[in-house]
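Use the sequences and the hints to build the structure in full.
Here is how the chains run, residue by residue.
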Amino acid sequence: MKMSGARMVLECLKREGVDTIFGLPGGAVLPIYDVLYDFEGIRHILVRQEAAAGHAAEGYARTTGRVGVCLVTSGPAATNLVTALQDAMMDSIPIVAFTGQVPTHLIGNDAFQEADNVGITRPCTKHNFLVKDGKDIGPIIREAFHIASTGRPGPVHIDLPKDVLVKEAELIWPERVHLRSYNPTYDGHPGQIKRAAKSIVRAKRPVFYVGGGVISADASVELRELAELTQVPLTQTLMGLGAFPMAHPLSLDMLGMHGSYYGNMAVHHSDCLVAIGARFDDRVTGRVDAFAPNAEIIHIDVDPSSISKNIKVDVPIVGDCKSVLAKLLEAVREELKQDVPAAVRDGRRQWAEQVAQWKRDFPFRYDWDDDVIKPQYVMQEISNLTNGEAYIVTGVGQHQMWAAQYYRFTHPRRWCTSGGLGTMGYGLPTAMGVQAAHPGKLVINIDGDGSFQMNSQEMATCFTENLPVKTVIINNSGHGMVRQWQRIIYKERYSSVDLPGIPDWVKLAEAYGCVGLRVTKPSEVVSAIEKMLSTPAPVILDVCVDKDECVFPMVPAGGANTDMILALPSREVKDKAAKSQTGF
Amino acid sequence: MSTSNGSGGSDPRKHTISVLVENRFGVLSRVAGLFSARGYNIESLSVGETLDPAVSRMTLVVRGDEFVIEQVTKQLHKLIDVIKVSDLTDDSHVEREMVLIRVNAEPQHRAEILRTGDIFRAKVVDVTPISFILEATGDEGKMEALIELLRPMGIQEIVRTGKVAIARGPKSKAARRAEPVKARPRGPDDPRVVGFAD
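Protein chains in written order, with the working numbering: chain A, 1 to 584; chain B, 1001 to 1198.
Check the hints yourself; a few may be wrong.
To be verified - Below 30 Å or equal to it, Euclidean Cα-Cα: the simulated DSS-like pairs (lysine-lysine) are:
no.: 1; chain 1: A; residue 1: 2; chain 2: A; residue 2: 132
no.: 2; chain 1: A; residue 1: 204; chain 2: A; residue 2: 132
no.: 3; chain 1: A; residue 1: 198; chain 2: A; residue 2: 359
no.: 4; chain 1: B; residue 1: 1014; chain 2: A; residue 2: 14
no.: 5; chain 1: A; residue 1: 14; chain 2: A; residue 2: 441
no.: 6; chain 1: B; residue 1: 1014; chain 2: B; residue 2: 1142
no.: 7; chain 1: A; residue 1: 374; chain 2: A; residue 2: 359
no.: 8; chain 1: A; residue 1: 491; chain 2: A; residue 2: 547
no.: 9; chain 1: B; residue 1: 1142; chain 2: A; residue 2: 312
no.: 10; chain 1: B; residue 1: 1084; chain 2: A; residue 2: 194
no.: 11; chain 1: A; residue 1: 374; chain 2: A; residue 2: 521
no.: 12; chain 1: A; residue 1: 14; chain 2: A; residue 2: 2
no.: 13; chain 1: A; residue 1: 521; chain 2: A; residue 2: 531
no.: 14; chain 1: A; residue 1: 198; chain 2: A; residue 2: 337
no.: 15; chain 1: A; residue 1: 132; chain 2: B; residue 2: 1084
no.: 16; chain 1: A; residue 1: 312; chain 2: B; residue 2: 1084
no.: 17; chain 1: A; residue 1: 198; chain 2: B; residue 2: 1142
no.: 18; chain 1: A; residue 1: 204; chain 2: A; residue 2: 14
no.: 19; chain 1: A; residue 1: 167; chain 2: A; residue 2: 135
no.: 20; chain 1: A; residue 1: 132; chain 2: B; residue 2: 1078
no.: 21; chain 1: A; residue 1: 2; chain 2: A; residue 2: 135
no.: 22; chain 1: A; residue 1: 374; chain 2: A; residue 2: 194
no.: 23; chain 1: A; residue 1: 198; chain 2: A; residue 2: 2
no.: 24; chain 1: A; residue 1: 507; chain 2: A; residue 2: 441
no.: 25; chain 1: B; residue 1: 1078; chain 2: A; residue 2: 194
no.: 26; chain 1: B; residue 1: 1078; chain 2: A; residue 2: 135
no.: 27; chain 1: A; residue 1: 547; chain 2: A; residue 2: 521
no.: 28; chain 1: A; residue 1: 198; chain 2: A; residue 2: 312
no.: 29; chain 1: A; residue 1: 194; chain 2: A; residue 2: 312
no.: 30; chain 1: B; residue 1: 1084; chain 2: A; residue 2: 135
No lab work stands behind these hints: they were computed from the structure.
As structure tokens, this is what we get:
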């Protein structure tokens, strides 16, 4: 079948099962937008800035498990998209991003709106393609979706020169994708799995450390079964939240820099740490030489390069979390048929008591105030009023950490946050993508006043595309996380962190045709959230919170997880922190 | 507990890594970009076609301890266009590089330069009344020795290729790898061998 390259792109997307694309037109992709004009079966959501198209595709992908798609033009559009690509790269999110390119005969000529797109996106994508011939469009799109969604997922970028989009060519649609150079390992090594099962069953102080890999492999069911069978306590990374219900007695909530005291202590004192789809990020490990110093480390990951990258691993298992956990379950059942030594049973009992005591003695806590709203309280109420069932998206900063600490997640794929890259402005556009994928469902963007302003223009998209995202701005009139670091580590020298009350968020919401609400008193928080939840339109709820509130616990950068501070430190601790700080 | 940048690793040394890649647009920059992005140093790099024109071979010389080299091979393997990565360092193999040397050749030195060249099986590829250009191939040690001997005559310019390397024996390393597990250089429990498609 012969058709223009532009039509071929959309036809291939349809065959890949794509129902929604996020994009913004421009010169080089006009042929696609012309076909899109009366093309049926694909919804196009017009964003206001290209990075938002990328983030929306991320939100779509994270909450559906399918590949998210975005489409933007050449040059500045492609460079705007780079942040979203790197974000998806760091968090292993499967998206396919299309950019326009100047016609092939002009490439390299410094033509209007030209940039070396594939050169720029090479380090921030799993793979990228420059299409030079229309007949390659089908096979390349096929490969792109395959690469994005298999192995360790990630973003794939396809650069489309305008003349390739205009010219007619034969559509080639390979039934199967075979790449001789790309064969991700899905099944773990049976010997290693057996070894891991033995270690888990024989360990006195085992802990599971669960990351986003469990979410992307849809392995929550297997994980829960394994945890309940072995009764091993379980802590989740920022990316892993939702993989295991937070209310479960075995849950130790999040670990890491702003993780729970009990999660970090359990990992530190563990003698057998099982990392499942997690990558020992520096925000999790703190000082690596002091991380889980006495633990045998078992690491399950689909990406071999994650293993022994930051921390030397004793039992590496390369494979898909779902398949490996299923096999590990079998192996553990087998192992449990044998007698467990009494010393191990005693050890496990003491461990369970110890962990329970940490949990009891050092929960997440904050000081209540009758007059000023504490941000943690807002998170608790959002969690209560939605039963932990809403789709939660965040920006980056203090509010993100509070949401991670206090929202009681019950299901996987309901949580979107920028973990690896820490992209401020991630919240609103990602929430749009989530809402587009789940019409009629409740999508809440918990954002900060600083973070929100980096993509607030997308309120227009929410309004015009009927995406009733609920944005809660935890408004502390500044860059709270930076302020917190300046307070604790930089001797209260507050530098460029205040954003005093500008703009008026209620008026801004109204200017975009949306609903604006504001709450300033703790006693009104619940009714304000209820009002927001029952409003069918996009809402901004401006919650004016205590600007001096800090996120605790906190492991100062460069510190070990046991150096965690639980409240504002004394002057001498601050001085010590200032001396030892090794960079933000 | 040792870490990748801690003291647990072996001493850094040179590794010769042979990489089979799809002969495609951009593949060299993918490999080069990986090294710069991760802060590894390439000491030398050479690229050429293989028997299959769709496949190129890159021979990389990288310095690093065992953790760095493990990451280098894993990261190379992660590139979609990379078909196979082999570290030849600890296997029996032949390494060669070529050097072209423009050396001053005053009358009193001409005979000695030629004699030295003969010892190293170097060819004279250009002659002027006051200079020679010598072409020599060999491993790195031989090239260094030749250069040191010629240095007193006054070397004007040196042009060296990257290193190329091939495993010794009747079969290619890839063919040997395809044989049963016992042919693998390391046991299956070794973390460095799990997870690779080969």
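Hints and how they fare:
no., hint, result
1, A:2 - A:132, "holds (17 Å)"
2, A:204 - A:132, "violated (59 Å)"
3, A:198 - A:359, "holds (27 Å)"
4, B:1014 - A:14, "violated (50 Å)"
5, A:14 - A:441, "holds (24 Å)"
6, B:1014 - B:1142, "holds (17 Å)"
7, A:374 - A:359, "holds (22 Å)"
8, A:491 - A:547, "holds (17 Å)"
9, B:1142 - A:312, "violated (38 Å)"
10, B:1084 - A:194, "holds (29 Å)"
11, A:374 - A:521, "holds (10 Å)"
12, A:14 - A:2, "holds (17 Å)"
13, A:521 - A:531, "holds (15 Å)"
14, A:198 - A:337, "holds (11 Å)"
15, A:132 - B:1084, "holds (26 Å)"
16, A:312 - B:1084, "holds (24 Å)"
17, A:198 - B:1142, "violated (53 Å)"
18, A:204 - A:14, "violated (53 Å)"
19, A:167 - A:135, "holds (10 Å)"
20, A:132 - B:1078, "holds (25 Å)"
21, A:2 - A:135, "holds (9 Å)"
22, A:374 - A:194, "violated (48 Å)"
23, A:198 - A:2, "violated (59 Å)"
24, A:507 - A:441, "holds (26 Å)"
25, B:1078 - A:194, "holds (27 Å)"
26, B:1078 - A:135, "holds (27 Å)"
27, A:547 - A:521, "holds (14 Å)"
28, A:198 - A:312, "holds (20 Å)"
29, A:194 - A:312, "holds (20 Å)"
30, B:1084 - A:135, "holds (28 Å)"
Hint violations for this structure: numbers 2, 4, 9, 17, 18, 22, 23, all remaining hints satisfied.
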